[in-house]
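Chain order of the listed sequences is V and P. Here the working numbering is used: the first residue of the first sequence is 1, the next is one more, and so on. Here the working numbering is used: the first residue of the second sequence is 189, the next is one more, and so on.
Because the hints were derived from the structure by calculation, they are not lab data. Every residue gets a Cβ at the ideal spot worked out from N, C-alpha and C, and that includes glycine. Some hints here could point you the wrong way.
Said to hold, decoys possible - Taking lysine-lysine and the DSBU-like style, the derived pairs with C-alpha atoms no more than 35 angstroms apart in a straight line are:
hint, chain 1, residue 1, chain 2, residue 2
1, V, 185, P, 214
2, V, 36, V, 70
3, P, 247, V, 120
4, V, 89, V, 70
As the list claims (entries may be wrong) - Chain V regions said to be covered by chain P (calculated; three or more residues, Cβ under 8 angstroms):
hint, region
5, 32-39
6, 49-57
7, 70-84
As a plain string of letters, each chain reads:
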Amino acid sequence: MSPLKPNSLTERDLIERSLKGDRISQRNLFDMYSAKMLAVCQRYARHRAEAEDMFQEGFIRVFANLDKFKSNGSFEGWIRRIMINTALKSIKKKSFKNESIGLEDYQDRDNKVNPEVFSKLSVDDLLALIDDLPDGYKLVFNLYAIEGYSHKEIAETLQIEVSTSRSQLVKARRMLQRKIEDLQKIAV
Amino acid sequence: MKHIDNLFKEKLYNQEVPVPEGMWEKIAPIAEEETGRAMLWFWFAGLLTLLIGGYGIYKMLSTTTNDTPDPSTLVYNEQLPSESLTNEVLEPIVIDRNEEAEILKETSIEKVEKSEAQPTLGVKKSEPLAARTSTPTLGNNVKQIAKSSINNIVENIPDVGGQPANLVITKSYVNKEGAIITQSNLKAGLFNEDPVYDVIINSEAKDINAGALLRIVEPLENIPLPSFQKPLKKKVLSITF
Numbered sequence: 001m002s003p004l005k006p007n008s009l010t011e012r013d014l015i016e017r018s019l020k021g022d023r024i025s026q027r028n029l030f031d032m033y034s035a036k037m038l039a040v041c042q043r044y045a046r047h048r049a050e051a052e053d054m055f056q057e058g059f060i061r062v063f064a065n066l067d068k069f070k071s072n073g074s075f076e077g078w079i080r081r082i083m084i085n086t087a088l089k090s091i092k093k094k095s096f097k098n099e100s101i102g103l104e105d106y107q108d109r110d111n112k113v114n115p116e117v118f119s120k121l122s123v124d125d126l127l128a129l130i131d132d133l134p135d136g137y138k139l140v141f142n143l144y145a146i147e148g149y150s151h152k153e154i155a156e157t158l159q160i161e162v163s164t165s166r167s168q169l170v171k172a173r174r175m176l177q178r179k180i181e182d183l184q185k186i187a188v
Numbered sequence: 189m190k191h192i193d194n195l196f197k198e199k200l201y202n203q204e205v206p207v208p209e210g211m212w213e214k215i216a217p218i219a220e221e222e223t224g225r226a227m228l229w230f231w232f233a234g235l236l237t238l239l240i241g242g243y244g245i246y247k248m249l250s251t252t253t254n255d256t257p258d259p260s261t262l263v264y265n266e267q268l269p270s271e272s273l274t275n276e277v278l279e280p281i282v283i284d285r286n287e288e289a290e291i292l293k294e295t296s297i298e299k300v301e302k303s304e305a306q307p308t309l310g311v312k313k314s315e316p317l318a319a320r321t322s323t324p325t326l327g328n329n330v331k332q333i334a335k336s337s338i339n340n341i342v343e344n345i346p347d348v349g350g351q352p353a354n355l356v357i358t359k360s361y362v363n364k365e366g367a368i369i370t371q372s373n374l375k376a377g378l379f380n381e382d383p384v385y386d387v388i389i390n391s392e393a394k395d396i397n398a399g400a401l402l403r404i405v406e407p408l409e410n411i412p413l414p415s416f417q418k419p420l421k422k423k424v425l426s427i428t429f
């Protein structure tokens, strides 16, 4: 979706106008980031309807807290954080219990993939691969590998141990790598 | 070969998906309401900050005034009992003669202010500036008259070697001829109901008499400049040297 932001208005202008209740500016901000943020929500949700609920709630929180945004940071990064936090709030955390046990079985070996093979996979294929992961693996992989969170941040956000976050990531990578190798074999 | 994390991030971090029609319409009303609420808190917080800041400045000014007493401070005493008002003199304010002219020029006149809601006058040392009130009836004209009167008197007071003089406000009741009435007549009600307030400067130096600076008569429109000295001199109860 193309942004409606007029050339003369900066992102900061739109934020200030939105704070004053200007509906057009609010709409412009929404249009600028909605497509990306829905994609973020989709990666965390189990299905499309859940993603849309997260997205809707996330944007309401964005506008409710707009006055708290500090202009010295990235606005997109700020929105993304809110979206992720909203998504995480709606996800059960049961799957994280006792996950640190058995870490030795999933040693983080050389998780490298042939880019040529990988390039043949579409975005939907990748999303499907992530979606097939158990909930805990999926969350940690999304947060660590794609969003760039540290294990410490993940542990704080999900209220789990840092070691749990590490083990979830190792297991997620192993599963993804195995599936990609399987797809490669099928293609050959 | 690339790390699996990087491969996923490259393709998915900036991924976009079409947003269904009508999604904004679901969000907009709630967003508007929430933004309005946030702004309300914003303004409320701003107003609160202003109030607290203003109170802080007020307190700071008050403290500063108390810490450095101004010898020419004249304020009103709201608690004088009416029975003791006749020929009453309150605590004098000490003015250092060396600084007298400067003080009178800069501060004294500005501080001879009165509120219509406070019919009794008194003199106190070291009261906060904020306690002083002014009223339109004691406006710039009155101050100008008083200022020129005081300056004239000060000029005519001989140099007494830096000894202080007193600036005093007295409250009296006068009869129709303008004479100060006795306590017994006051009780009998044989006086004008409205008191007069005399602003006087006084020194006990041998050749200096009390000097009346200003007489303020209620209603406050009438502000005759006094020309008498003796009646006022005896009102001065205490003089500090």
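Structure-inconsistent hints, enumerated in ascending order:
Going through the list in order, the structure violates hints 1, 3, 7 and respects the others.
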